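Peer 1: So the chains spell out like this:
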Amino acid sequence: MGRAVASGESGMSEEERLLREALAWKREGRKVAIATVVSTWGSSPRPVGSMLVVDDRGRMLGSVSGGCIEGAVVKEAQAVMDGAPPKLLDFGVSDEQAWEVGLACGGRVQVWVEALT
Amino acid sequence: MKVALAERLLEARARGQTVCLLRFLATGEEALLVAGEQVIGAPLPEAVLDAAQRAQRYDRSTTVESEAGPVFIQVFNPPLRLVVVGAVHIAQALVPMASLAGYAVTVIDPRRGFATAERFPNVDLVDAWPDEAMESLAPDARTAVVTLTHDPKLDDPALDVALRSEAFYIGALGSKRTHARRLERLQALGHGPEALARIHGPAGLDIGAVTPAEIAISILAQMTQALRGRE
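Heads up: the sequence lines are chains A and B, in that order.
For the first sequence, counting from 1, position 23 maps to 23 in the working numbering; every step adds exactly one.
Quick note: to get the working numbering, add 1000 to the position in the second sequence (first position is 1).
Because the hints were derived from the structure by calculation, they are not lab data.
Keep in mind it's a predicted model, so treat the numbers as computed, not measured.
Ideal Cβ placement from N, Cα and C applies to all residues, glycine included.
Some clues are possibly wrong.
Claimed, not checked - Pair ranges (Cβ atoms, derived):
no. : chain 1 : residue 1 : chain 2 : residue 2 : range
1   : B       : G1113     : A       : M60       : 37 to 45 angstroms
2   : A       : R30       : B       : S1175     : 53 to 61 angstroms
3   : A       : R57       : B       : R1112     : 48 to 56 angstroms
4   : B       : K1153     : A       : G58       : 52 to 60 angstroms
5   : A       : R30       : B       : A1068     : 25 to 33 angstroms
Assemble the whole structure, with the sequences as input and the hints as a guide.
Peer 2: Below is the structure:
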């Protein structure tokens, strides 16, 4: 092919960018947690594989929902950053959910929360 | 997630390799596949390996059941690609929008002064002739091709190569009349009606777009429609 005039960095997926950022925070000496959507049922705002990264100073990037469950996820992220084992969170519309936060859209979503160690 | 695993994952992706990250949700154990080969973690059960290969092929992260409980399979495939022919005004709007949507974008324009890094920061630029450049880029089923020059000398050779590829979207800018003449020329090159019907021309959903940014939105929307199968 002819001369490549310039080459860029476009095309890195959102999840790859989030992991890169999480590693950078870790190198700064911060504690870092990663939350990932692992299953969805019905209508849910973010597809399986979507990620949210959080650090111990409250920085966050990415998302695992339209915003309705981020608060609860960040709370759990704090626990895993403080040494708790990884945890599978289940958010739905049922009254029996351990989590009080429901999804306004009526779907159900499972989120895996783990520390970057 | 272990830092070493995350680093290994990003290294492999930077080299353009496919990556599959597995998490056993009952135990917290993790494993990593690079280009189909396991590089981190305890040997995986056959059924889980098969599921990972399927997930990779369909580009779909998923959770499957296994003897060891649920396993989350997260796919990191090479990105979708967009090849834009014509480093023109509309391209300046389309390129950043497509990057944001996750496409690795390449802009082809052999004309002096068009495909410059000032006009197109952070994107792959090629100043070869479109036929040569397109052959080399080899569009596949995860590639969209959009021609924007209105110049048959530049657009036609690119469309000729695109039609012989599996590109999931082929769009050509230009009025209905321009497009009719374009189809006649491509027919003369040996493309039948079925092949020619693959070209979206004029490119873009009919949303009354006027400005370059609006036209870019209509094209990106039509690409999304073609990709996600709602046509």
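Peer 1: Of the numbered hints stated previously, which ones are contradicted by the structure, given in increasing order?
Peer 2: none
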